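Number of protein chains: 2
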Amino acid sequence: MNRKPKILLTNDDGIRAPGIRYLAKALEEVADLTIMAPVDEKSASGLSITIKHPLSVQEVDWDDQKRVWCVTGTPADCVKLALSRYMSDPPDLVVSGINPGSNAGRNLLYSGTVGGAIEGIMHNIPGIAFSVEDYIKPKFDHTLTYIQKIVSHVIENPLPVGTLLNVNFPNSNGGDIQGIKFTRQGAGMWIENPDQRIHPTEGHSYYWIGQKEIKESEPEDTDTWWIQKGYITAVPVHVAELTDHRMLKERKNSFEKLF
Amino acid sequence: MNRKPKILLTNDDGIRAPGIRYLAKALEEVADLTIMAPVDEKSASGLSITIKHPLSVQEVDWDDQKRVWCVTGTPADCVKLALSRYMSDPPDLVVSGINPGSNAGRNLLYSGTVGGAIEGIMHNIPGIAFSVEDYIKPKFDHTLTYIQKIVSHVIENPLPVGTLLNVNFPNSNGGDIQGIKFTRQGAGMWIENPDQRIHPTEGHSYYWIGQKEIKESEPEDTDTWWIQKGYITAVPVHVAELTDHRMLKERKNSFEKLF
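As you go down the protein sequences, you meet chains D and L in turn.
Residue numbering for the first sequence follows the numbering used here, starting at 238 and increasing by one per position.
Residue numbering for the second sequence follows the numbering used here, starting at 238 and increasing by one per position.
One chain only, chain D, in its complex shape (with noise of 0.2 Å):
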């Protein structure tokens, strides 16, 4: 690539989150960038859109960035307005987070991080999601090198269309990092523990979806086991077509007969 690649950035903790910050930093001196982002958190968002009520965007006064906006909405609408109301031309590549708690394994649907990039390729456009693994007090400065590289090099080796990068950071510092791993999605995920509780003054009970992580288990050479182990993973993950291309060989006459 001749030009500077153009980069937009987004996240699901809103604009004011650390990690979009770091993100900015990492990639400022080699990219362009069009920062558009939720005005809130909006973890656990997915890839849901906001179609029944209308959405502010607002300008942002952040350094030396000139074009950031925020979003009363979630990362995929933030993604659908940039794309087709704030840049003239598409982005080269749509890089999410930098997310405190992990996206691995079978999170990465839930996470509105990786729903960011899942939006990107939804329009053709290739995407990158970053998250590192600690959630209370994550760090973000090791990252950085690491984030310049896998950019720098997806940029140079396109992704096949259909196809994002889900990139997790151990829990760490940098100084013990064993690696980087490109591998293969994970099945462990954040579960749900809706605890019960009684409502102060009247009386009924309510739930609140707690997250736990389940760490048992994990299939060998998976990222979940891999991040375990204090390796950096990177996995190629395909949202553009879903299709269970087995089953559907083994049972399409079986299931056309029924009718």
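It should be emphasised that the hints constitute simulated quantities derived from the structure, not laboratory data.
All of these numbers come straight from a predicted model, not from anything done at the bench.
Some hints here could point you the wrong way.
[What the hints assert, rightly or not] In silico DSSO-like pairs for lysine-lysine, Cα to Cα no more than 30 Å straight-line:
no. : chain 1 : residue 1 : chain 2 : residue 2
1   : L       : 386       : D       : 486
2   : D       : 489       : L       : 466
3   : L       : 262       : L       : 241
4   : D       : 486       : L       : 243
5   : D       : 262       : L       : 289
6   : L       : 243       : L       : 376
With the hints as your guide, set chain L onto chain D.
For chain L alone, coordinates are given in the frame of chain D:
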């Protein structure tokens, strides 16, 4: 199966929507039903879940159905709560719908209807999502016998672990249905057309994400292609692991060598 199958019903249009009433009507004689649906419409909520607010659950008075609740959350929230708090044994199947508006092609990851079925898959419970193409004046009567047949077939011939069935009916009152196709996912989707409008008193602009279905240049022999020709479509959709295995194989060495 010697006993009556246990089926959990949900939808994304809310407990008062006609679609889920038709679903219950189609299945109440062949299955033990538990019904848990959002109190409000949650269209386009995908697999999003509610983790930043508490959820309330209310029992719903509904004809002969005894186990009916509504939840102040998304379809995925409903399925999580039903499985963990409202069903003593896991259901044999999660059935979601009937949604007015196509969830064929690339719409499926945006769809709250499909999201309810995906949430079941995350707990290794198979699922089926049903939608009709027309979202303005949806017609459901003719779908009931098809739904009964498809559900019975899936109960007797279990889906592979991690795979759900995405079923879409063409715009029809039944008489002109051409048949049923067990097929692959198409590329069409409802696209955003963010309409820019002006606030009535404040004068600033806002956006509204509209919906417009792309119907052109569909690959042949896909769900979106067959629906246009008047067929019911059923697509086996695998969501448990989304790794792009071809890319993983081709790029593993060159990617890991970067670091």
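| Which of the numbered hints are not met once you compare them with the structure shown? | none
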